[in-house]
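Protein chains in written order, with our numbering: chain A, 1 to 304; chain B, 305 to 567.
Since the hints were derived computationally from the structure, they do not count as laboratory data. C-beta: ideal position from N, C-alpha, C; glycine also. Do not take every clue at face value.
Covered stretches of chain A (chain B as the covering partner; in silico rule of three or more C-beta atoms under 8 angstroms from a C-beta of chain B) [claimed, not checked]:
1. 66 to 79
2. 97 to 104
3. 133 to 147
4. 172 to 183
Here are a few chain A residues that face chain B, going by a calculated C-beta distance under 7 angstroms [unchecked claim]:
5. Trp84
6. Ser85
7. Gly86
8. Gly155
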Amino acid sequence: MVDDLTMRYGDTLAVDGLSLEVARRSITAVLGPNGAGKTTTLETCEGYRRPQQGSVRVLGLDPQADRRSLLPRIGVMLQNGGAWSGVRAVEMLRHIATLHAHPLDVDMLVDRLGLGSCGRTPYRRLSGGQQQRLALAMAVIGRPELVFVDEPTAGMDPQARRATWELLEELRGDGVTIVLTTHYMDEAERLADTIHVIDHGRLIASGTPFELTRASGGSTIRLVVTEPFPPGAPASLQDSLGPLTEVHAVNEQSLLITGPADASTLATVSAWCEQHGVLPESLSLGQRTLEDVFLQLTGRELTK
Amino acid sequence: MTASPHTSGTFTPQPGAAPLATQVLAQTRMETKLLLRNGEQLLLAIVIPVIVLVGGVLAAEHIGLSFPAGPVDTLTPGVLALGVMSTSFTSLAIATGFERRYGVLKRLGASPLPRSGLLMGKVGSLLAVEVLQFAVIGAVAAVLGWSPTPGVVGAVGAVLVVLLGTAAFASLGLLLAGALRAEATLAAANLVYLLLLAGGAVVIPSTDYGAFGHVAALLPSGALGNGLRAALMDGAMPVVPLLVLGVWTAVGTVLTSRTFKWE
């Protein structure tokens, strides 16, 4: 779907030779930190931006050249804005519905997304979460084959988040293809059939949530200590553990160890702590999360 | 994912664009509704022209300003022109500037509504508002004693001047809105409106401006005002004003299509 896409803004390389594919009737998450190039990639697929290099095909069409035939078939949820400041929430949704040939029932969708209570509220007085839900409603009202949702649950309360997730899952169940960007791990893990992790405009990992988290060396040990580590800490622990494990510094007071998390690894970690006068606050053993995958691949944390 | 427990059939894809006419009509209705809901826009569209008309006529009677054809007959075509200018230039520029700012144009750009349809919707809403303005201003003028007899040629001329004036000012309004930030558009559109109201020969005939009148007649405001006066007062086909407005429309359209930024 996206092949060798490169996008530049001035000197900033936003998307750097990105290639990825999306399967129909599935949920694909494009996961990455802010500024990773997620929105730029999505907006190129939506036809807002022309690829500076590489090519993009959406439902087999060129988003630029075939824009008119593509647009009715896709739904777009923008990250913010997208409505007149004085328009009432339901009025806006009804307007977008009128532009389509076979729209969904507006009242049903309003009800599903809990927009009934603010239906007559002008857009500018809606809360951030209500604006997000309206934007999602506008993306799906035209019964599209493919929906692009950009950070769908940013700023939503937990209840609205669940309603959004359930709606997206139901869309997939009915055969809609969904591409979403997110920087929330739990969202990607819960919803996505396929996850593409991108950073600095490059694809750094792809797979199902299971493949990404449970693949080789799927377990982790997380060490949190009471005071900052002594100098040279990750390196000396890495030396003690040997080449089968990988040690990543999460911050000054916590480390992530991936690899065979067995008794001998734990013993080595404890011994190292004792030897360096480090007092562990917690030492936990667990399955690798997407957060860990990202840290391992980039040496940085995804959120924060 | 066919085994999903969530299969309901509610959202089964059935994409498609509504017929273009339906979309344009919906867009026209929406834009008109929003324009009429906005107090400041209503002030600009209706209240100010009516104040200018009533105030102008009363002032002319009190201080004995001499209009050869009488104050109501002279001022009313100019006030109609002012109404066209306020709607198709100032209101349109401000509304479009904020549509850019709030991502409305971006959002509609991803809907089935084509850009040409969006433009048609905007023109439709301008004309709808202008009809309303003409009804109100015309009624007030009639109370003040206005009874124009333009004949067929003058009536056709007036309609042409209004249409071409709307096109000229709309292209210039969109030029502003598509290039400047929303706040700058707001300020510039109001400033230009005030300058043209005072010195643009829209309400007062350009012949009353002395030497500057020759320049004012070439401004879109002067051409619109002079054109409506020629059509409604003399029953003439205002050829020169129409030509002037045609040139402004062409210049405005070319510049706008080259510079307009949708985001």
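Requested in this report: Kindly indicate which numbered hints from before are broken by the structure, ordering the numbers from low to high.
Outcome: When the structure is compared with the hints, only number 8 turns out to be violated.
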